[in-house]
Amino acid sequence: MENDSGQAPGMMEEEAYWLWLCSCPDLYRSAITALLRYFGSVRDIYQAPVSALDPWKKTGSQAGLKWAGSLAAHKQSKSPEQLSEALKQKGISFVSSTHPDFPPSLRHLPDCPFGLFYRGRLPDPVKISVAVIGARCCSNYGYQMADLLSRVLTEQGCQIISGMAVGIDGAAQSACIKNGGSSYAVLGCGVDICYPPEHTELYSSLPAHGGILSEYAPGTRPIRGNFPVRNRLISGLADAVVVVEAREKSGSLITADLALEQGKDVYAVPGRCGDRLSLGCNRLIEQGAGIILSPDNLLENLSVSIGLKRTGRREKCAGACSKAPAGLSPEEQAVFNVLTSDAAGAEEIAAKASLPLIRTLQILVQLQLKNCAVELSRNRYAGTAGNYG
Amino acid sequence: MYSTAASAFIDGISSRKVTVETDVSDGLPMFTMVGFLASETREASERVRSALRNSGVFLGVRHITVNLAPASQHKGGSIFDLAIALSVLGAYGFFPQEALSGILFLGELGLNGEIKPVRGVLEIVSCARSFGCDRVILPHRNLQEGSAIKDVSVLGADCLNQVIRFLTDCAAVKPRLDEDIRYEPPKDPLPPLKQAGPTSGRKPGKAQKKKEPDFSDLRGQAMLRRAAEIAVSGFHNLLMIGPPGAGKTMTARRIASILPEMSLEEALEITKIHSIAGLLPEDTGLISSRPFRSPHHTITGPALCGGGSPPHPGEVSLASGGVLYLDELPEFNRTVLECLRQPLEDGEIHISRSLGTFVFPARFILVASMNPCRCGYFPDRTKCSCSPAQIRRYLSKISMPLLDRIDMCVEARKVEYEELTEETPSESSEAIRKRVSRAIRIQAERYASCSWKYNGNLPSGQLLLYGCLSPDSRDLIREIYDRMSLTARSYCRILRVSRTIADLDGSEEILPGHIMEAVSFRAVDRKYWEDALRKY
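Protein sequences appear in the order of chains G and P. Note that the first sequence ends on residue 389 in the numbering used here; no numbers are left out. Note that the second sequence ends on residue 1536 in the numbering used here; no numbers are left out.
Hints listed in this document are in silico derivations from the structure and should not be mistaken for laboratory results. Keep in mind that this is a model prediction, so the values were computed, not measured. Where is the CB? At the ideal position from N, CA and C, for every residue including glycine. Where hints are given, some of them may not hold.
Said to hold, decoys possible - Derived Cβ-Cβ restraints for the label pairs, each shown as a range: (1) G:T340 to P:H1297: 31 to 41 Å; (2) P:L1465 to G:R224: 49 to 59 Å; (3) P:E1419 to G:E286: 14 to 24 Å; (4) G:T340 to P:L1464: 38 to 48 Å; (5) G:E261 to P:R1393: 34 to 44 Å; (6) P:R1393 to G:A73: 32 to 42 Å; (7) G:Q287 to P:E1419: 42 to 52 Å.
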């Protein structure tokens, strides 16, 4: 509703009715569709007397009873003006699907939401958007790949769309923000709720560096069933979907399927054969998803498929293999060569590098200070993505 | 007639003098005990009467009143029996008052006149002088313990008859016998009261021959070994995190074998506590090895910190000077764990009851072990499928203020088959202990004039004074502070641990290598968990 000025008064009024309707708790898409079919327009729904809802109350179905009851209560208790004032105070904006600002890429979804609540901005329809998604329980490899791919895409001016979940989603969005890009999170709860709570930091920085979007009214709790539903918006907003790590049964695969239905390209980061965390990704590749051999390879594919214009000069790199940084002492080099993207214990590293344990510990700290190693949990170390591609 | 005898009892952790007063008068034949007594103390009348009769003393029918002064102080225990019996004899005029003065009597009586061992002897004997007594008569089985104190003469008795004969010999009087009191000494010759030899008490008790667990039977686990060595050398608290079966408990059990030797004062203090708690084996003098306590996770607050009425030392006090090992830390009741905060900070625990506040020592090394999550395998996501919420719930059982007081953290990992079957034995505890002792000696010299003895207790205000950072180290710690976003608290802990590593190395200055090693063992904080949860 930022662009109220210049809009026709009728439009503003209808927008307010949409806000009112979309703010009603327990009222889902299917119910709104039925109401629209019955009453004709959103204004008529608002202006109809409470008694007009009786037919639904009498159908006897549990869900019908629930939403009809809550809509009746909503009618009596809330006015569009009150709701709009409350939203403004919380710093939340609303856009209905009839509004010109509504993301055009969502419009042609068969199950396009009737409105979106958001904090920050809506994705820029001109810029290319890429969804980077994956498992919540990810390996360090997945975490680092998400971080790397998101960083490279951000450098190329892409917007990163994801679901703000722990694991891959969070890694991708944090990396995007850290590199000055804009990232958009689509939540399965109200935009005023930080879910998952680990991501308070990300949640509070997203509005300034992109936005937080949800089709659910503010105050909606994170209900299990809402999350797969919001996945269609993630794929819908994106021009291409990158799946970093996914188990065989994963929400990310739902998003990938939806993306294919919506005619979007799907790319997957391959995992090792037999690695359960990557089984979903490997399956996607088997089914014809694009394989990501390196960040460069992904950019190349994207420039062909969705016309990504590549900016800046990136060194070509055959694969996502670690490259030794300059300026390491021979001992540091020896330890660094042993590090992989998976966490390894200090003793294991010491044995592989054939160095005494205490010396290895000291070198590992030096490597951390030089950004060549990370300590993933106490005394478990991995090489950093900083040295990939 | 009236007579008194001196005795003492343990109130909390300190001893208090009690004067046993007895009055014998005409009246109904009764044995009345007064003076705010617990029931086991009140029952002394029956024990004393039978013990006297079975020792050959026949008391005339009189009204006996025994008062344990000061009467306002609540008294419990059976330690006064001997003093009561002798004071009754004195009141009957059996021997003059002078025979009893200047002697502290401790011991419980059996019905046959036998003198049984009691608790807390060491603490009481150490205060005997201040009670105005230069001689202590105590149960023979407590003789070794009591004779660790050298400024009083300590005598051990097996039965009441020995004491009666000793007192009559000393006072050089013939016991007065009349219609009120008759005495038939036993026919068999009585051994005299035993006096401990000049070196007794100071020597360890019966050498414990049973084989203690040794670090040489622990295969691999170089990280855990090193962490244990550093923790013991500087009295740092240590947390071991790792999957089940990684050897956390095995390592912890071996920590006892590398604890440094005790000084005499430490040994005295530790023995006192164990004696008060009734854990000192009979016929032992000072405890020779530092305590290692590993309470089960079902422990209650009073059992951990001390409690009851009157307060009894808890595990933290029993572990004082040694190691308190808490296996499966998150399984402990949270409120019980919170009780550890104050003792970890102050080195002592204050227990306040309506009777008063008692202060027990609690200067222990806390060694704790835990799994990183419910199934134990986090962050190994190929094995662990716990949800972040489950992991957070598991970890939230330990509060951050408690984790804040743990200086070091080390990861335990699964032992590989090759390490298990390695032919060459691992380093023995004795070798590690040599290094530990050297580091402890260096600290003892450095902190000779200070109120603390180990790096682990070094106050943060004194860190820079005793830290001796080399210029390189100064730059390094600054860089680490910024790059690893340390908190002030974790910075101090890293410096303390670096100091210990430098001491182990025999180095006056803290060198960059010492700091880097300390950083590898740095303690966990909230950020650590949150980062791990976000990444995996």
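Right, here's what the structure says about each hint:
Distance hint check: the CB atoms of G:T340 and P:H1297 are about 37 Å apart, consistent with the given range 31 to 41 Å. Between P:L1465 and G:R224 the beta carbons are some 58 Å apart, a value that agrees with the proposed interval 49 to 59 Å. Separated by about 40 Å at the C-beta atoms, P:E1419 and G:E286 break the suggested range of 14 to 24 Å. Against the hinted window of 38 to 48 Å, the Cβ-Cβ separation of G:T340 and P:L1464 comes to about 40 Å, which satisfies the hint.
For the pair G:E261 and P:R1393, the beta carbons lie near 38 Å from each other, so the given range of 34 to 44 Å is met. For the pair P:R1393 and G:A73, the supplied restraint of 32 to 42 Å holds, since their beta-carbon distance comes to about 35 Å. Judged by the Cβ atoms, the range 42 to 52 Å given for G:Q287 and P:E1419 holds: they are separated by roughly 44 Å.
Hint violations for this structure: number 3 only, all remaining hints satisfied.
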